[in-house]
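Peer 1: Each chain, letter by letter, is given below.
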Amino acid sequence: MLNVPTLAQMKASGDAPDVLFWVGCAGSFDDRAKKITKAFAKLLEKAGIKYAVLGTEESCTGDPAKRAGNEFLFQMQAFGNIQTLNAYEVKDIVTTCPHCFNTLKNEYPELGGNYTVKHHSQYLQELLNEGKLSIEGGAFKGKKITFHDPCYLGRANGVYEAPRALIEKLDSEMVELKRSRANGLCCGAGGAQMFKEAEKGEKEINIERTEEALQANPDIIAAGCPFCNTMLTDGVKHFEKESKVKVYDLAELVAKAEDLI
Amino acid sequence: MIQQILFCIALGIAIFIFSKNLKFIIRNIKLGKDLDVSDRKPERITTMLKVAFGQTKMAARPIPAILHFIVYAGFMIINIEVLEILIDGIFGTHRVLSFLGPVYDFAIGFFEVLALLVLVSCVVFLVRRNVLRIKRFFGREMTSWPKADANYILIIEVVLMTALLKMNAADYLLQQMDADHYVKAGSFPISKALFVPFFEGFSAETLMLIERVGWWFHILGILAFLNYLPFSKHFHIIMAFPNTYFSNLDAKGRFTNMPEVKKEVELMMDPTADPFAVPAPDTNAEPTRFGAKDVTDLNWRQLMNAYTCTECGRCTSECPANQTGKLLSPRAIMMATRDRLDEVGKNIDKHGEKHDDGKALLRDYISEEELWACTSCNACVEACPVNIDPLSIIMDLRRYLVLEESKAPQELNMMSTNIENNGAPWQFSQADRLKWAQES
Ligand code: SF4
Ligand code: SF4
Chain A
83 MLNVPTLAQM
93 KASGDAPDVL
103 FWVGCAGSFD
113 DRAKKITKAF
123 AKLLEKAGIK
133 YAVLGTEESC
143 TGDPAKRAGN
153 EFLFQMQAFG
163 NIQTLNAYEV
173 KDIVTTCPHC
183 FNTLKNEYPE
193 LGGNYTVKHH
203 SQYLQELLNE
213 GKLSIEGGAF
223 KGKKITFHDP
233 CYLGRANGVY
243 EAPRALIEKL
253 DSEMVELKRS
263 RANGLCCGAG
273 GAQMFKEAEK
283 GEKEINIERT
293 EEALQANPDI
303 IAAGCPFCNT
313 MLTDGVKHFE
323 KESKVKVYDL
333 AELVAKAEDL
343 I
Chain B
177 MIQQILFCIA
187 LGIAIFIFSK
197 NLKFIIRNIK
207 LGKDLDVSDR
217 KPERITTMLK
227 VAFGQTKMAA
237 RPIPAILHFI
247 VYAGFMIINI
257 EVLEILIDGI
267 FGTHRVLSFL
277 GPVYDFAIGF
287 FEVLALLVLV
297 SCVVFLVRRN
307 VLRIKRFFGR
317 EMTSWPKADA
327 NYILIIEVVL
337 MTALLKMNAA
347 DYLLQQMDAD
357 HYVKAGSFPI
367 SKALFVPFFE
377 GFSAETLMLI
387 ERVGWWFHIL
397 GILAFLNYLP
407 FSKHFHIIMA
417 FPNTYFSNLD
427 AKGRFTNMPE
437 VKKEVELMMD
447 PTADPFAVPA
457 PDTNAEPTRF
467 GAKDVTDLNW
477 RQLMNAYTCT
487 ECGRCTSECP
497 ANQTGKLLSP
507 RAIMMATRDR
517 LDEVGKNIDK
527 HGEKHDDGKA
537 LLRDYISEEE
547 LWACTSCNAC
557 VEACPVNIDP
567 LSIIMDLRRY
577 LVLEESKAPQ
587 ELNMMSTNIE
597 NNGAPWQFSQ
607 ADRLKWAQES
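Just so you know, the protein sequences line up as chains A and B, in that order.
83 is the number of the first residue of the first sequence in my numbering; add one for each residue after it.
177 is the number of the first residue of the second sequence in my numbering; add one for each residue after it.
Treat the hints with care, as some may be off.
Per label pair, the in silico range of CB-to-CB distance [stated by the list, open to error]:
| # | chain 1 | residue 1 | chain 2 | residue 2 | range |
| --- | --- | --- | --- | --- | --- |
| 1 | A | 283 | B | 216 | 36 to 42 Å |
| 2 | A | 128 | B | 212 | 44 to 50 Å |
| 3 | B | 580 | A | 192 | 19 to 25 Å |
| 4 | B | 253 | A | 243 | 25 to 31 Å |
| 5 | B | 230 | A | 192 | 27 to 33 Å |
| 6 | A | 289 | B | 586 | 50 to 56 Å |
| 7 | A | 226 | B | 230 | 34 to 40 Å |
30 Å max Cα-Cα, derived DSSO-like pairs, lysine-lysine [unchecked claim]:
| # | chain 1 | residue 1 | chain 2 | residue 2 |
| --- | --- | --- | --- | --- |
| 8 | B | 226 | A | 132 |
| 9 | A | 278 | B | 438 |
| 10 | B | 217 | A | 278 |
| 11 | A | 260 | B | 311 |
| 12 | A | 282 | B | 469 |
| 13 | A | 132 | A | 251 |
| 14 | A | 225 | A | 173 |
| 15 | A | 124 | A | 173 |
| 16 | B | 583 | A | 285 |
| 17 | B | 311 | A | 282 |
| 18 | A | 226 | A | 128 |
| 19 | A | 132 | A | 214 |
| 20 | A | 128 | B | 611 |
| 21 | B | 233 | A | 260 |
| 22 | B | 611 | A | 338 |
| 23 | A | 124 | B | 611 |
| 24 | A | 93 | A | 226 |
| 25 | B | 439 | A | 173 |
| 26 | B | 611 | A | 116 |
| 27 | B | 583 | A | 282 |
| 28 | A | 278 | B | 469 |
| 29 | B | 535 | B | 209 |
| 30 | B | 233 | B | 217 |
| 31 | A | 93 | B | 611 |
| 32 | B | 226 | A | 260 |
| 33 | A | 173 | B | 226 |
| 34 | A | 282 | B | 535 |
| 35 | B | 209 | A | 173 |
| 36 | B | 311 | A | 285 |
| 37 | B | 233 | A | 285 |
| 38 | A | 278 | B | 611 |
| 39 | B | 217 | A | 282 |
| 40 | A | 223 | A | 128 |
To be clear, the hints were calculated from the coordinates, so they are not data collected in a lab.
As the structure is a computational prediction, the values presented were derived from the model and not from experiment.
For every residue, glycine included, the Cβ atom is placed at its ideal position computed from N, Cα and C.
For reference, chain B alone in the conformation it holds in the complex (with noise of 0.2 Å):
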């Protein structure tokens, strides 16, 4: 009984703190514009399914993809096995789907080997980031918690699947002794093979602790995992989703057409507006920012972007700029986007609304230098695995810059000057541009 009060308890505790953090998250996410991607559903379900549920895009990288694979799916598969522990904990039972039979057995044991797999997967990752340190782990921006985080997940991963295996081998012992309230059910592969030859001897009441700080391990380590992932990078087991299916479905060289330049620019290039008739302005309106200098001046799907990222680096790792030396790195971009946004919601959660500290994502997150290496070439919006689009970020930044404070770089603003004067990006007269055809 007193067991029950406390799951319940632990369960509520834990639901509270996760859709408050859920909240902030989805109340931070709403500060960014509007942008309607309400269209073509059923494509963006496939796309959704496609790369999120499927995890196409991993593929490129066949051997953590298969390793990623089995952690996800493994993850996910034994998960049901929680609703059978939520119902126990709260009703006091025990394996209470176990009249499923020969079918419950076998879930047992299949739940077993996937939790071995889930089990090296983690430790090979966690060797990989920390032995054979490859270079996509490491960069500028992954300072100590980004680099702790995974680890810890990975740790939090390992120590899971020990209690489950531990607490089904006492289990096992137990239903063998014919132990009161432990059902004969499920079978047991794996924990019989690693752990049942160390239990062997231990009394009844031993097993049962064993068996009891398994379960409660097993089942607080979930709910803590839960409320650690809107800290994490973890997120993305469940961004992942919306993300994907929000992402751009267009040609990616296709950049958006500013609205509010086209406004401005059809109101100077048509000879019957009268410019004078502008409408009264809406005195309470904002006046409109072009481009971005803060996260809020980004759309929602950006900032969603970054909430979604993993941190894996793929897409650095592809960047040109980055790979030759530069600045820029697009996992960067994404890191100090959220960083930004958090910084940004707890002002709001502090002073209320209206608060400024001073801070921009511009400058004090990301800086010119890193804006102005960048190619355009979508390397790194091709390599990620969640569709996130790093590039929209920079381009809206970039236009902060030339359309609000004419920063561009030297050379640019000489291009603008050719362009807008003779037509071309170069010093030559728009009268010459047929030459070509006369010189042999």
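Isolated chain A (complex conformation) (with noise of 0.2 Å):
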């Protein structure tokens, strides 16, 4: 079991943590995203990272709610959310999810939250290079891994070297998919779609973009995102290559190069 501390305890404890660990409704519920926060934990554990979780104080950063068109929902979210942060005098935040930190840093400074806000695979990215994690063995000599670009981690906040330098430091062959970076294709789930059937039309947008990743013939797919994981996990279940094709997080590739998972 891990320990993972939690902001109120760390508070009375009168000591406070470098970074808070944003997890996110689906790294929090879903059963999939759950697996990818474990995982990072750990690598922050190994990596001697005083971090905390907000835990039960955590609430949905109204990402679905805006990009819903529900603006009103998204403003009380934001406001409940920065009012706990701020009386926590947060400062660096780290979240597995694309859509919380698009949202905590680039939406939530007008509302008063100014934090520093790091996507894992930034942040992870950093601790390789501080040597606080170093990825020995080779777990992934010789694999064919492929990355899948978030939108709101690629185009939405322009990283796209960070999750590809952590891919090629686990000493694998890295293909680029056919419409990657600025180009990329969206899995889906984005702008609340998650939440609801899709409009009609031919195909599905995961069906599309899993297609895709799978020309590459990827022995993995990367993910950056528990949603981007979702669809592309349902989309090699489709194409029934679920045990030939693993969808992996980030997160989990390097925890599991470290032996973590």
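Dock chain one against chain two, each of which comes alone in its own frame, and use the hints as you go.
Peer 2: So this is what it looks like as structure tokens:
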């Protein structure tokens, strides 16, 4: 079992963390995403980072509400979260969800929440560069890994290099998808689509994307977002390729290389 | 003399109509809501130089990028010659700039080469549209007018360039004949090769006629073209500059926080605020509408975007929803906005400011089905060569649907209820948020 400190506990003992791990709704509740959360927590622990989570004091950033047009609910959520974060005097945040990342980083400041926010790919890259983590062993040697750029990490925030740097460190073979980086194709989950049926059309977006990913013939499809992860995992199942092709989050890949999971 | 008078009349009429149309468009853009983009001037200028002038975003598709650059640069440079044509036309001179000597000779020769390149590029463009039928140029919103518009422009360019070359060929022969008025100036590498052989042996009168017809055709063509612009997707040759200058410089993922909502939320959340102490409502103020139902609810930048759209379809061809057969097409969003804005503008001119035609952008032009297909992925924004943002319009229309009409798809209403009650889009209790740490 993991020992995950909460901000409340830390504060009670007069302590404060170096960084707040913003887990997000998917990371807290979705069975697949919880594995990503645990992998990342283990990495933080291994790197000796003094981190904390909000636990039951965390609430949805409001991203899906905002993209669904419900600005009112979004700002209510933001208001509540900012109150909590500011009360704890949080300065640095790391999150495994690009949607939380984008909202906290870009939309909260105007509402009174100013933090340094990092996506876990950026954070892990820093830990590796600083030598706090080092990838040894060749768990992925010779494996073909491709990366699906999450819209809210890539196009929305211009983060393209950190995920690739991580994959490169794994000593694996990185293959780019036809549509990658700024041209990356959405997985279909953004804009609150995750929570509704798609409008009528000829095809599901995640099938289109997975088809393209499978054409690259990878052993592993790497994702950096819990929603992309779900979409691609479903896509791989649709093509009945789940025994051959695995969908992993970047945190899971690094944690596997570290023999943590 | 008579030619001079005719020319001045034509020029006057052209400028008059153009400024009238321009005023119509500027007025329409100003119907949009305020938006302050007076910040970061140096960054804005760089963006404009790169994206509009340097056409950097075209590079994603190299073949049309090169052809487009030829037509664009060729057109701009050849238009230097229009300056001379204007002076000649007004004062009855001929090749007034020829005193520049070798520089002039070089320039005219260079213009001829460019004219040929433009001509060839336009023919290739016509082939791409009409013979190769590239997918991007088709689609639901590409009805007969937008298709014809694109072809007209290309055909006009071909005709203009041909007129220019013909005129030069005749001029060259007249110069050889030492005809009166025709100063020996310029070099004519292309027209000599293409047209002179056909004109050989023509009398001076015939040649003069050809030269004059070519000259008039060229300049009238340009004046007509100028006045065609405001009705055409070709307006982008002007609009691309302000549009990129004023375009969003922030992270694409950052959506606006609606200030009118912020006010209400602050009032609700602030325990010290007295809900009854709301300042007396300003009776003159129009009630604020949350989100956008019609074009006048959008901001002026979004309306400027609509007049800038080149209908190239790069956005739509990258849109995940469109690629998987959904009704949504970001190009259609922009075209609908422009069409509706034109309609609203015409209504105001006809019936005055307050006229309500009972129509709106939402539903009459853009359906709910289109709006709910968007994943907010920003691919359209990224793809647009002139920095148009169709996504912001989609979002504002969604906001209206949800905040004013409570018309979200049922599943999204459930999601909202969950967020409201448990702080998560699913039905899990907030008290269980840390359970993952206990599970191995
Ligand atoms: S943001 Fe919406 S309209 Fe634009 S490309 Fe993505 S899905 Fe299509
Ligand atoms: S919005 Fe931009 S990319 Fe889309 S059709 Fe118009 S100009 Fe082209």
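Peer 1: For which of the previously enumerated hints does the structure constitute a violation, in increasing order of number?
Peer 2: As far as the earlier hints go, 4, 6, 8, 10, 14, 24, 33, 35, 39 are violated by this structure, in ascending order.
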